[in-house]
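**Q** Here's the letter readout for the chains.
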Amino acid sequence: MFLESVLIFAKIIAVVAPLMIAVAYYTYAERKLIGYVQIRIGPNRVGPRGWLQPIADALKLMFKEIILPTKANRYLFIIAPMLSIAPALAAWAVIPFADGWVVADINAGLLYLLAMTSLGVYGVIIAGWASNSKYALLGALRSAAQIVAYEIAMGFALVGVLMAAGSLNLSAIVHAQATGYGFLGWYWVPLFPLFLIYFISGVAETNRAPFDVAEGESEIVAGFHVEYSGMLFAVFFLAEYANMILIAALTTLMFMGGWLSPFQGTGLEAYFAWMPQIFWFFAKMTLFLLLFLWFRATFPRYRYDQIMRLGWKVFIPLTIVWLVVLGVMILTHLSPWFASTAG
Amino acid sequence: MVQFIFYLFATVLIFAAVRVITVKNPVHAALHLVLAFFSMAAIWLLLEAEFLAIALVLVYVGAVMVLFLFVVMMLDINVATVSEGFTRYLSSGFLVGLLILLEMVAVVGSHHFGLKAMPAPTPMAADAVVNTVLLGNVLYTEYVYPFELAAIILLVAMVAAIALVMRPKRWSKYVKPEDQVVVKAQDRLTMVKMTAEKES
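Keeping their order, the protein sequence lines are chains A and B. Counted the way my numbering counts, the first sequence spans residues 1 to 343. Counted the way my numbering counts, the second sequence spans residues 344 to 543.
These are calculated hints, taken from the structure and not from any lab test. Note that the Cβ used here is the ideal one computed from N, Cα and C, for glycine as well. Among the hints, a few may not be true.
[As the list claims (entries may be wrong)] Derived DEER-like restraints, expressed as beta-carbon distance ranges:
no.: 1; chain 1: B; residue 1: Val439; chain 2: A; residue 2: Met82; range: 35 to 45 Å
no.: 2; chain 1: B; residue 1: Val363; chain 2: A; residue 2: Ser229; range: 45 to 55 Å
no.: 3; chain 1: A; residue 1: Thr266; chain 2: B; residue 2: Leu390; range: 46 to 56 Å
no.: 4; chain 1: B; residue 1: Ala372; chain 2: A; residue 2: Ala24; range: 53 to 63 Å
no.: 5; chain 1: B; residue 1: Glu485; chain 2: A; residue 2: His175; range: 44 to 54 Å
no.: 6; chain 1: B; residue 1: Gly452; chain 2: A; residue 2: Met62; range: 50 to 60 Å
[Unchecked claim] Which residues of chain B face chain A? A few of them, derived with a C-beta cut under 10 Å, are:
no.: 7; residue: His371
no.: 8; residue: Phe381
no.: 9; residue: Ala384
no.: 10; residue: Ile386
no.: 11; residue: Ala398
no.: 12; residue: Leu410
no.: 13; residue: Leu442
no.: 14; residue: Leu445
no.: 15; residue: Val451
[To be verified] The list that follows gives simulated cross-link-like pairs (lysine-lysine, BS3-like), each with its CA atoms no further than 25 Å apart:
no.: 16; chain 1: A; residue 1: Lys71; chain 2: A; residue 2: Lys32
no.: 17; chain 1: B; residue 1: Lys519; chain 2: B; residue 2: Lys536
no.: 18; chain 1: A; residue 1: Lys313; chain 2: B; residue 2: Lys527
no.: 19; chain 1: A; residue 1: Lys71; chain 2: B; residue 2: Lys367
no.: 20; chain 1: A; residue 1: Lys11; chain 2: A; residue 2: Lys64
no.: 21; chain 1: B; residue 1: Lys516; chain 2: A; residue 2: Lys313
no.: 22; chain 1: B; residue 1: Lys367; chain 2: A; residue 2: Lys313
no.: 23; chain 1: A; residue 1: Lys134; chain 2: B; residue 2: Lys367
Pulled out of the complex, with its shape left as it was, chain A reads as follows (with noise of 0.2 Å):
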């Protein structure tokens, strides 16, 4: 019992650890892709170029003051920031990084992902409304109004992949992709639409550009973390990050091929046999994590009936479309894909 709960802690430290150094250097990578984007240099003082810049950042939040607006309402501003790390940390219990190499290996992992995910909302919520203040509350209420649409979207996209897979077991769905075509064999070709769907939405649930109309500076000075500083403030900027990292994740899981070498089945796969599996899963993940900051860098922010037309009017009707152009396709039983799903 107690060795269980030692190494049950210690599969989440191997997790969380590696994920937060995965955020702070993440931030630098934004900033130095950003700056090269923008024919600047980026951060280069700290460190050699610029290397030890988050660490410096991470130390000068944490000494921050952390003040509290005198109007708002003390419990629910502190605990704001913990509701929306929360969610974050938790989603990556069920995440596979290889073959067998997941902190919780449960059936209904997909259906847990979306429950968890849908919890992040809160703690925008929350810090929109206990700070007491006109810009976070309007920030707040967008954020949600979006991630409620972009959700469904996203919902039925996952839907898709079940259907595909014929399981909500994250690890399952990786095994059901190794149809033996190598890349070409992956859910991106048959379920393309439904890929660029969730991904898209991936983007706008965590409020990044384009659709980072949450915390508009231009509008609404900062959106719902306005009234944050130091420590509580870094903690939102923690939880950002981090799920932006999990939705990578998830797009490589479940539509990439999660841990699969792109050259299994074919002539090359002998060549890279020696690989391990994580090795492709983070080559994947980072592909999907540049891709966030290649939109920051490039698209103008959306405007907020374009978000919402966009949400509900393009994405669910295309999504609902496309299930049904994947019944057929599971029910004809097309090769290489869906060669042995039931249905």
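Given chain A's structure and the hints, the job is docking chain B onto it.
**A** Below, chain B without anything else, positioned relative to chain A:
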């Protein structure tokens, strides 16, 4: 261990449920209701009903209560006026509450509860059929008519909700996205070639 977890969540559940009806601020009441749902989901997880537990979190906590909070947050409720009628309605409220309690006891009764009627469930074997698969099989075979009925009721509610807010004609000026999408660069910008003029 399981008992400890059960009593922990049960205590939180009862505390949160009581706070829902005792706190003055409606936002706090809604948040306590969220906490109550969450503790209930944890108790269902202990009963190995993982699909129902996660669906409770996903639907009620993740969607319904978010919209609820959304509305409640916008209300500007004066706490003093809410608590004003408390003593006035106390006697009639107590009477109605007592009546409902009596009716519930008469219908449900105590013989459905207790360890004799509800023995502790035996845990399923690790390789048993998945809860979700079982539920899906039952839902689409044995309970297919109630399932379809529920779907039709939801559809009617959805159509009614849309019909209630639909305006036949809009008087305000608004943007037509379908027109915006088909716009070409030539419609907005014309390149004109002009000969250079000499300064006089």
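**Q** Work down the list of hints and note, for each, if the structure agrees.
**A** Results for each hint:
1. B:Val439 with A:Met82: 35 to 45 Å: At 39 Å between Cβs, range holds.
2. B:Val363 with A:Ser229: 45 to 55 Å: Given range 45 to 55 Å: violated, Cβ gap about 32 Å.
3. A:Thr266 with B:Leu390: 46 to 56 Å: holds, 47 Å
4. B:Ala372 with A:Ala24: 53 to 63 Å: Violated: the Cβ-Cβ distance is about 39 Å, outside 53 to 63 Å.
5. B:Glu485 with A:His175: 44 to 54 Å: violated, 31 Å
6. B:Gly452 with A:Met62: 50 to 60 Å: This hint holds: roughly 59 Å between Cβ atoms.
7. His371: Holds - the Cβ of B:His371 comes within 10 Å of chain A, reaching about 8 Å at its closest.
8. Phe381: It holds, given that the least Cβ distance between B:Phe381 and chain A is near 9 Å, below 10 Å.
9. Ala384: With a minimum Cβ separation of about 9 Å from chain A (threshold 10 Å), the hint on B:Ala384 holds.
10. Ile386: violated, 16 Å
11. Ala398: OK, holds: B:Ala398 within 10 Å of chain A, min 7 Å.
12. Leu410: holds, 7 Å
13. Leu442: violated, 37 Å
14. Leu445: violated, 38 Å
15. Val451: violated, 30 Å
16. A:Lys71 with A:Lys32: Cα-Cα ~39 Å, so violated.
17. B:Lys519 with B:Lys536: violated, 32 Å
18. A:Lys313 with B:Lys527: holds, 22 Å
19. A:Lys71 with B:Lys367: holds, 17 Å
20. A:Lys11 with A:Lys64: violated, 32 Å
21. B:Lys516 with A:Lys313: holds, 20 Å
22. B:Lys367 with A:Lys313: Outside the cut-off at roughly 39 Å; violated.
23. A:Lys134 with B:Lys367: Within the cut-off at roughly 22 Å; holds.
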